[in-house]
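Taken in sequence, the protein lines are chains Y and P. As numbered in my numbering, residues 1 to 600 make up the first sequence, in order. As numbered in my numbering, residues 1001 to 1600 make up the second sequence, in order.
Because the hints were derived from the structure by calculation, they are not lab data. The model shown is predicted, which means the values in this text are computed figures rather than measured ones. Each residue gets a CB set at the ideal place from its N, CA and C atoms; glycine is no exception. Watch out, some of these pointers could steer you wrong.
Now the stretches of chain Y that chain P is said to cover, found in silico as 3 or more residues with beta-carbon under 8 Å [what the hints assert, rightly or not]:
1. 41-48
2. 197-211
3. 243-257
4. 283-290
5. 295-302
6. 356-366
7. 556-563
There are 2 protein chains.
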Amino acid sequence: MEYHQNGFRPGDPAISPAADISDACTDKVDVLIIGCGPAGLTLAAQLSAFADINTRIVDQKPGPLSVGQADGIACRSVEMFAAFGFAHQVVHEAYQVNEVAFWRPNNDGKLARSNRIADVEPDLSEMPHVILNQARVHDFYLDLMANGPRRLVPDYNRQLLSVTRGDGDHPVTARFARLDSGTEEVVHARYLVGCDGARSTVRSSMGLSLKGASARQLWGVMDILAVTDFPDIRLKAAIQSAEAGSLLIIPREGGYMVRFYIELDALRDGERAADRGVTQEMLIDKARAILAPHTLNVREVAWWSAYEIGQRLCDRFDDTDEDPRIFIAGDACHTHSPKAGQGMNVSMADAFNLGWKLASVLRDQSAPSLLSTYGTERHAVARELIDFDRDMARLFSERGKDKAAADRFQAYFARHARFTAGVETSYSASQIVGRGAAQHHATGLQVGKRFHSAPVIRLADAKPMQLGHALKADGLWRIIAFAGRDDAGEPGKPMHAFCAAYDRSGLSDAVALLAVFQAGHRTMDPMRLHPALIPPKGALDLTDFHRVFCVDPAADIYAMRGINRDHGVLLIIRPDQHVAEVLDLSDLNGVSGFFAKVFV
Amino acid sequence: MEYHQNGFRPGDPAISPAADISDACTDKVDVLIIGCGPAGLTLAAQLSAFADINTRIVDQKPGPLSVGQADGIACRSVEMFAAFGFAHQVVHEAYQVNEVAFWRPNNDGKLARSNRIADVEPDLSEMPHVILNQARVHDFYLDLMANGPRRLVPDYNRQLLSVTRGDGDHPVTARFARLDSGTEEVVHARYLVGCDGARSTVRSSMGLSLKGASARQLWGVMDILAVTDFPDIRLKAAIQSAEAGSLLIIPREGGYMVRFYIELDALRDGERAADRGVTQEMLIDKARAILAPHTLNVREVAWWSAYEIGQRLCDRFDDTDEDPRIFIAGDACHTHSPKAGQGMNVSMADAFNLGWKLASVLRDQSAPSLLSTYGTERHAVARELIDFDRDMARLFSERGKDKAAADRFQAYFARHARFTAGVETSYSASQIVGRGAAQHHATGLQVGKRFHSAPVIRLADAKPMQLGHALKADGLWRIIAFAGRDDAGEPGKPMHAFCAAYDRSGLSDAVALLAVFQAGHRTMDPMRLHPALIPPKGALDLTDFHRVFCVDPAADIYAMRGINRDHGVLLIIRPDQHVAEVLDLSDLNGVSGFFAKVFV
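Using the sequences plus the hints, can you model the full thing?
Structure representation (structure tokens):
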């Protein structure tokens, strides 16, 4: 963590100094967020970093969630939590998914383990795949917001009645029924984001709807405390029984609870999940049948539900092509079956994509056209998710006695582990994603994908760390300059020339410069670096020593990420950690040209 | 983390269910702790784990510390924090000490770096050596206590007037002046622990005093925010100038603040540190002189002090040999110079040694004679600390122009890194430390020293983890059974025989059994383990899958810790993580004989 740069402050460094917001309006805001789910809270947490942005977040519920539906947290989401500063807390509490077991009938027709594989391939991410109650993820976001300079806290008991767009400075108007007082409340906003779930009022106010077919397949889910002799009860396990259907086991945080996804019956046309009168006893009986001959003694059902699998998608995620003012994110844009463990992750990634863009436009750094990239980028991701989810659900429901089908499911599952981990998301070329002019100099850091972290050693304090953890969720763009072979921070070399150009560019308020050298960290003198690499920081103009890194000989980032040792390379990283462009270290025009499209 | 074993509970799992303490007295308590420093808070945190122990902790100050004196946290202390469950938070906030630089005049008389070494040797501990404001360590302890079943919170504004010992159930009586209300308060306690610092009232009430000589050397310390061209400003650096004296640089948490320990003048006989009228300007001037020709531009002094080096020790740490009721811990027993970074760590280790013993006696598990081992064990440690500190201080004050002396300092420093890390503490044979009957079967896990962690893979969920992190600060003894070559949990083998004996022993309430196997974790079936290794747990009799581990092929604990692969070995681990005995896996009599001395 970086703190004390504006002077020593006692107490918890996660708590920012409070901004003076005594003249802030609650009925005229910069951003109004509808819904305190994973999307809404990610967005609020991102915006809460900015003392000059007036954000409000409201929810229909009377208070924070205590038992959540979602629980799967992909590696990529944990990386994002690291950028927000609470990954260590999530990892501490969560169940860590290390391996996946596949079960199906053996040749004698008896249920047996057919395979057991690593859940995440080596070096896919520096972060684990974990499982944690969605409510706890909410709690971490709520703490973060409450500790931000504006001490952002949700307003509950607000039922959204309508959203309309007009003119003026705050063109979006939202009307709420206050469920606590019975009165009505009107809020005007520059921007409104509907994170209000699958039955989004914001979406219907925009005249949009979710489209797509249902698989007409009923599933049950339950979080239980149980005793069993099934040996893989603490592993993620996909079980395809001969005739009784399929079951997915997701062990839960704390070491005792476990989630079961249980295949129930196909639904008839027009029939809804609720029509079947599913009970928790039905789920337990079905789980027992699938697990037979193993025992299952359920001691407590913490939560259960029945649902119909469906993959549905909204045509667009904003209200207009030019100057969009109303957006939807998360389940309001796309729904899918929960088993793929994607829902919460994709929703948070939606908001992480949108948050910095809203901040950049509201802070007059970028033109409003930046906001149009949100819908384009995230719609493509949602489309991909839905296709994946449909295939996955279909394959999982095939009977375990069909060996070929079970093999197809396992192969598909393994192949798509990268997708499930959230690290395959790739944004296409646009005003904020380049075409990878020097992609051949960094073959493992693909334009459009998230920056794939690797170990480095920080020069000034010899700290072994992940380079990706220097990319905080602070709304800054970053340039990472990887030095070529001959460049160890000496004057006159390409790195020095680039630093000088960066210094002159005037970009330093919005674009932070980081550098990585191939030299051993004990051989370099931080005081001989170009001043742009050890810039003054904070109210006291202290020296920022957090920008320069050297190769960790035990895990060489150049080798791991295919970086050209002779030439080095320049990466431009977006505030959401995606690689925006890969350029030659000497391509100063490429850098200025790129940012000319980003900033006003 | 382990939770939900008594049923699902929403919310932060670090918050225990509240115990009913409505009939608990505040003027008649089990343990009364005087002082909210590192020793007092460690003790309170340990005792707060037990719903059935009535603890009070008081302090003279009006509230929690916000700026602390101490900042060095040794590897061993971070290991202990892991047992308390907050190591991840400390590591997240702290500065990590990775390397140490040594500076002295070169042959031209110019200050130059003479050496740079790793601060901690490889595999000394799984935890880093970190630096963090003592006040933040207090905060983590205060959170832990407040989240415990009795919601323990300190009572401030209590100035201790006297401590007396009488008879009866609560033989210790403490009288306080309440600094808030002006009234007097009397508390009766079964046990009282004075963690009230170098000028301990508890100690003087016991008729004891600190003994030892002062080195008559004045030092200054300051925490500053500064700009300098000294290249190792973010490294721990020991600087011995030619004539201007010595300086120790300790970079601080947050990336900007730094602590300087500055050698000032020798004191004349009878002169005290306060007599010199030291100012912060004097400290800055002196630091500049030592660092010359490097610049030092101090922007803010967050805290500073001047002190005299002295090593002093109390003859005993308790009031009687038989049935001690009054104890002292931390600075009340021993003082030393702060530069060695030992003070906070040794104080916390004092309390960690005492806490479980008090709990064991109060809960009628052990005879009161157990408490006598506290003074014996910790006095020996304090003696060693003081000898180390005296040598270190003397060597550091030698002039840098004396190359031989500077070499002696560096060599001493490097050799004693293990001591400084806190991992060399070794308790002698006693009723709770055996003689290592099978020490030759586990050469790297020495009787008397703390259990030296190594990686393993947890069988049930394939989690790669540190075995040491299974040793929680919960007051439990543990047996770790390392299987021999042929034993993979099959019936009839030594492990099975031991498990059966453990089952019959009736020890399971106070002694948890863990097992490590050499087999690959994918080859073993947890359901075929002896039931003692997957016991029922909690109110719902759920299965505890947290006790069985397999070798991690990437870091083989048998090889790392010298464990006999053919025979295996049994370790008995104390509640404070020290190895109490090493026995042959078949030595069932050795186990029962050992615990016959521990438990009533």
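Hints and how they fare:
no. : hint    : verdict
1   : 41-48   : violated (count 0)
2   : 197-211 : violated (count 0)
3   : 243-257 : holds (count 7)
4   : 283-290 : violated (count 0)
5   : 295-302 : holds (count 3)
6   : 356-366 : violated (count 0)
7   : 556-563 : violated (count 0)
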